[in-house]
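Peer 1: Sequence:
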Amino acid sequence: MLLGDGPWDEATERQKIHVSVVTKGLDHPWAIAFVPGGDMLVTERDGRLRVIRGGVLDPTPIAGLPDILRGGLGGLMDIALHPNFARNRLVYMTYSKPGATVRDESTLAVVRARWDGGATLTDVRDIFVADAWYGAAPLPKRCCGQGPASGSYGSRIAFDRKGYLYITSGDRNYGERVQDPSNHFGKILRLKDDGSVPKDNPFVGKPGYKPEIWTIGHRNPLGLFFHPKTGELWETEFGPRGGDELNRIERGRNYGWIDVTQGAHYNGEPAKSVKGVAGMADPVLTWAPSINPGNLIFYTGNRFPGWKGDMLMPTMTRSLLRVTFNGKSPAGQERMLTGLKQRLRDIRVGPDGNLYVLTDEAAGAVLRIQPGK
Numbered sequence: 003m004l005l006g007d008g009p010w011d012e013a014t015e016r017q018k019i020h021v022s023v024v025t026k027g028l029d030h031p032w033a034i035a036f037v038p039g040g041d042m043l044v045t046e047r048d049g050r051l052r053v054i055r056g057g058v059l060d061p062t063p064i065a066g067l068p069d070i071l072r073g074g075l076g077g078l079m080d081i082a083l084h085p086n087f088a089r090n091r092l093v094y095m096t097y098s099k100p101g102a103t104v105r106d107e108s109t110l111a112v113v114r115a116r117w118d119g120g121a122t123l124t125d126v127r128d129i130f131v132a133d134a135w136y137g138a139a140p141l142p143k144r145c146c147g148q149g150p151a152s153g154s155y156g157s158r159i160a161f162d163r164k165g166y167l168y169i170t171s172g173d174r175n176y177g178e179r180v181q182d183p184s185n186h187f188g189k190i191l192r193l194k195d196d197g198s199v200p201k202d203n204p205f206v207g208k209p210g211y212k213p214e215i216w217t218i219g220h221r222n223p224l225g226l227f228f229h230p231k232t233g234e235l236w237e238t239e240f241g242p243r244g245g246d247e248l249n250r251i252e253r254g255r256n257y258g259w260i261d262v263t264q265g266a267h268y269n270g271e272p273a274k275s276v277k278g279v280a281g282m283a284d285p286v287l288t289w290a291p292s293i294n295p296g297n298l299i300f301y302t303g304n305r306f307p308g309w310k311g312d313m314l315m316p317t318m319t320r321s322l323l324r325v326t327f328n329g330k331s332p333a334g335q336e337r338m339l340t341g342l343k344q345r346l347r348d349i350r351v352g353p354d355g356n357l358y359v360l361t362d363e364a365a366g367a368v369l370r371i372q373p374g375k
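Under the numbering used here, think of the first position of the sequence shown as 3, with each following residue one higher.
Calculated from the structure, these hints are not laboratory results. Keep in mind that this is a model prediction, so the values were computed, not measured. A few of these clues could be false.
[What the hints assert, rightly or not] Lysine-lysine pairs mimicking DSBU-like chemistry, simulated, CA-CA at most 30 Å apart:
hint, residue 1, residue 2
1, Lys375, Lys26
2, Lys343, Lys375
3, Lys208, Lys274
4, Lys330, Lys18
5, Lys277, Lys231
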């Protein structure tokens, strides 16, 4: 369904909101980053990096990106600015990297580049290429009716307070490889800003383990966010048929996939275990049927007082989800923006204190959410 021109006003349970269109003209926008001064960088899954200046979309994409495998759920995905971007102008992006011999034999990569505000990137180089090459025909026999090899890249990135970079690497719909710590399938990874491995990562020096690994046992993590107050790392990920998860990510933990899930496999085969397995971390919250989670934030500002302390998560099932907490336990949920009938992918707090949401559509848009009257 095409998005109207708006604006729209909505009375949610705790907060009246006013929603307007910043810009249309985007093709499956995946992620947004605000640069100093308020301009926005937006990635499009089809392999373009766009800039919105003063609320106006530049019709010419920024040049200089690496070769990207486009198709399925792959392409150009997340974007994050270096914590010292104002000084060094470094931008980080994730993308699906084609194989050197067979393009479909792809993997997740993180590219770092310098952007001075102009028409092209410079100093472009991969700082990380996942050891999760997969997709060339013929595919190996897999269990559980798993999806196509052109999906489940994960690829959210986030910097912590100390400047370390965290990367979600999906299972590529080859879940049998996730519990093997000698690869990057279904892992969250932690690196320095140049792509090197911190010496205090949990598995550094442990035989059979990739030293980049921070946590194990993920399917397709598409949300990653550091809580502004607590510093805790939170993640959302797709389950199979049901079992989408919200996880509190803790150093060195195993989150269970493919052996433990509260969803059912696509071929109807039940999971080996559902929860409460020794050595495995259970999710904080799950959804069945699937809600198809996007990125997430915990809102801690003052502009939306009714939402302070709540989690906000766009979903591909055409809603913005708000979750309240009682201490560390989820207490309630509300689905908002359902009347727009748009798949929603990313959410960020802008420098003006308003919320910005991306619609994951071929006729995609950036939406601004302001307090209503």
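Peer 1: So, for every hint listed, does it hold in this structure?
Peer 2: Do the hints match the structure? See the list:
| no. | hint | in the structure |
| --- | --- | --- |
| 1 | Lys375 <-> Lys26 | 25 Å, holds |
| 2 | Lys343 <-> Lys375 | 23 Å, holds |
| 3 | Lys208 <-> Lys274 | 28 Å, holds |
| 4 | Lys330 <-> Lys18 | 26 Å, holds |
| 5 | Lys277 <-> Lys231 | 29 Å, holds |
In this structure, none of the earlier numbered hints is contradicted; all agree with it.
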